[in-house]
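Chemist: Please arrange chain B on chain A, whose structure you already have, making use of the hints.
Respectively, the protein sequence lines represent chains A and B. So the first sequence is numbered by our numbering: it starts at 4 and just counts up by one. So the second sequence is numbered by our numbering: it starts at 756 and just counts up by one.
Derived by calculation from the structure, the hints in this document are not laboratory data. Treat the hints with caution; some may be incorrect.
[To be verified] Some, not all, of what chain B presents toward chain A, calculated at C-beta under 8 Å: (1) H969; (2) D972; (3) I975; (4) D1022; (5) F1059; (6) K1061; (7) P1064; (8) R1066.
[Stated by the list, open to error] Covered, in the sense of this in silico footprint (three residues per stretch, anywhere, with C-beta under 8 Å from a C-beta of chain B), are these stretches of chain A: (9) 33 to 47; (10) 50 to 62; (11) 75 to 85.
A quick note: this is a predicted structure, and the numbers were derived from the prediction, not measured. Positions of the beta carbon are idealized from the N, C-alpha and C atoms, including for glycine.
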Amino acid sequence: MVFVLLGAGLVALRRIRPPVFQDVQGAFQDLDMSITKFVPDMPPGFSWREAMDRLKGTGMKVDWSRMESSLAEYEAFRYGGSEMPKGGKEEVAKVSMEIRRRIIGYRNKR
Amino acid sequence: MVTGIRDRVLAQIGKVVVGREREAELLLVSFLARGHVLLEGVPGISKTILAKAFAQCMGLEFKRIQFTPDMLPMDMVGGFVFNMKDREFEFRRGPVFTNLLLADEINRAPPKVQSALLEAMQEVQVTVEGFTQKLPSPFMVIATQNPQEFQGVYPLPENQLDRFLMKVTLPYPDSATESRIIKRNLDEMDTGEVERVFDAKELEGILHQVEQVHVSDEIIAYLSALAEATRSERRLSLGASPRAMVHLVHSARANAYLSGRDFVIPDDIKSVSSYVLAHRVKLDQSAVLTGTVVSPSQVVQDVFTKVRPPR
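The following block holds chain A by itself, in its conformation from the complex (with noise of 0.2 Å):
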């Protein structure tokens, strides 16, 4: 019983965790995969603009100045055809991160 629920924190704790990633464009699908899977109102066809908006409304703990630089760099990657920034992937993880621990901590109040 102890290890079930020792096992148990341990995947609670990971799901939790600050995912690492190689790159931004590694942390901006993991964003997605968040989005998609924990903002079930969020329309299929939204864009990175579109859910920075609403993510905002949102009162998270993230530096959206920041966030904001991150995603032009990587549209400008994504889009334009310029080179992968190096850079932005933390603060892109870290509103992965905040949608994911929101979603726990408010399913483990319910």
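Modeler: For chain B alone, coordinates are given in the frame of chain A:
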């Protein structure tokens, strides 16, 4: 890349037109996309003054034609007149030979005149009795129509509507804006002179730069998916044409440029989609009768929420 274009143009137009920032911005997007605009609204909501102010601040030659049911194509494109002195026919240019043509109340002109204008819009040239002459560049038509008129009008058919890059509906202003308009006219403060923002060379350079804005293959695939989604949408009997999608990508390019980017993102497409697509799609009558849909714009927006953009 020239920056601050949007702010500079809106500041000038704002000197004479109150509360029409979005509409002015859409005119600018259409102009940079080398397209034409259909403005729809009841009389007295600043359609003409908006078009005129836009032409002034862009430094464009402006002409206005008031369309009437007894109009002939030659009243617009011009025609051959006999020169008594030289004893030969010479071509006399009509008002269509300008940079910005305001076609006021286009739906009051008979189909022959509408057709002549739409040919000019498409080909940027006119042909009279086998004689072809190019129109000035840049060339833009801003046509207006009143949605409340039913007597003595010739509604534009779908194939002609498709030639307009955008259809912009001007609603009544909200009460705060209306108060500002009334106050301004009472105080006679609306005499601010619209200043030219660009010279001809700068304008040509900007138009060239807009054409260089990058559109990735994934964005093109996204546009194709959107077109397909409008065609398979059961609430529509007519989906978006390939020309509609070409117009949409040009508008998105202009929007990206005005936002200071040299590449298109999905939001550029979304921000202009209703204005570019809504007048080209046709609602399915059964969907209208059962009340499952209110407007083409609503269906277009629904389609955009379903189709996944590249992320």
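Chemist: Hint by hint, say whether it matches the structure.
Modeler: To see whether the hints hold, each was checked on the structure:
| no. | hint | result |
| --- | --- | --- |
| 1 | H969 | holds (6 Å) |
| 2 | D972 | violated (10 Å) |
| 3 | I975 | violated (11 Å) |
| 4 | D1022 | holds (5 Å) |
| 5 | F1059 | holds (5 Å) |
| 6 | K1061 | holds (5 Å) |
| 7 | P1064 | holds (5 Å) |
| 8 | R1066 | holds (5 Å) |
| 9 | 33 to 47 | holds (count 3) |
| 10 | 50 to 62 | holds (count 4) |
| 11 | 75 to 85 | holds (count 6) |
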